[in-house]
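Student: Sequence:
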Amino acid sequence: MNKMTQDNLRSAFGGESMAHMRYRIWGEKAKKEGFPNVSRLFYATSDAEEVHATHHFNAMKDIEGGFPVTAMAEFGLTSTSENLQGAIDGEVFEYTQMYPAYIAVAEMQEEKEAVRAMKYAIEAEKIHAELFTKAKEAVDQGKDLEAEQVLLCPICGFISITGKEDTCPLCNAKKELFKEY
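Our numbering numbers the first residue of the sequence shown as 128 and each following residue consecutively.
Treat the hints with caution; some may be incorrect.
[As the list claims (entries may be wrong)] Cβ pair distances, simulated, as ranges:
1. N299 with Q224: 36 to 42 Å
2. P163 with T260: 14 to 20 Å
3. T223 with D134: 16 to 22 Å
4. G161 with N185: 35 to 41 Å
5. K159 with K239: 40 to 46 Å
6. E303 with F220: 38 to 44 Å
7. E303 with A231: 33 to 39 Å
8. N185 with I152: 22 to 28 Å
9. K306 with N185: 15 to 21 Å
10. N185 with E264: 33 to 39 Å
11. E234 with P296: 38 to 44 Å
12. T289 with E209: 37 to 43 Å
Don't read these hints as lab results, they were simulated from the structure. Since we're looking at a predicted model, the values are computed, not measured. Backbone N, C-alpha and C define an ideal beta-carbon position, used for all residues, glycine too.
Can you build the whole structure from these sequences, using the hints too?
Tutor: See the structure below:
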């Protein structure tokens, strides 16, 4: 595997892993603040980030050694509204800047598995940002997110809050595979 793609996969793995844990912490905070549906959304997105991290990890199966230490902003336990804004900012960064650059490199280096993993992530991150934006709008009005269901596609990280999909719109996985929160 080419070094630049290796480095990008390591970085993406680290970012998705940190997002996974950050969203779990923020989900607990939202639950404590009385926003159970926002909490479920954070937990589902946390698991989606784990799906992405797993894809990245599997794509770098031939990489040995540790992961680079990345300087990260501190993620404090602020309000649910502030946490949602942090989530929105992170998701938007991933799909507008990080993944497009990583995909371009992986495509140039003909790393098909890495491209596939990152393309799943980029499309799911767009949906995550939309859902976090809806959740923030509700929380800023003192309400919880309106969600009939919170479902996660364990294949690509797609999240539904309606449950109306028969198959995943990103990877075509059957709804029966979705995990409910």
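Student: All hints, please: hold or fail.
Tutor: These are the hints, each one checked on the structure:
N299 and Q224 have their C-beta atoms about 28 Å apart, which leaves the hinted 36 to 42 Å range violated. Between P163 and T260 the CB atoms are about 19 Å apart, so this pair conforms to the stated range of 14 to 20 Å. Hint check: T223 to D134, Cβ distance near 20 Å, so the stated range 16 to 22 Å holds. A C-beta distance of roughly 38 Å is found between G161 and N185, which places it inside the suggested range of 35 to 41 Å.
Between K159 and K239, the C-beta spacing of about 44 Å keeps the proposed range 40 to 46 Å intact. As the Cβ distance of E303 to F220 is approximately 33 Å, the hint placing it in 38 to 44 Å is violated. The beta-carbon spacing between E303 and A231, approximately 35 Å, falls within the hinted interval of 33 to 39 Å. In this structure the supplied range 22 to 28 Å holds for N185 paired with I152, their Cβ-Cβ distance being about 26 Å.
With their beta carbons about 19 Å apart, K306 and N185 fall inside the hinted range of 15 to 21 Å. One distance hint, 33 to 39 Å for the beta-carbon pair N185 and E264, holds here, with the actual separation near 36 Å. At roughly 23 Å, the beta carbons of E234 and P296 sit outside the given window of 38 to 44 Å. Distance hint for T289 and E209: a CB-CB separation of about 27 Å, inconsistent with the stated range 37 to 43 Å.
Of the hints listed earlier, those the structure fails to meet are numbers 1, 6, 11, 12, in rising order.
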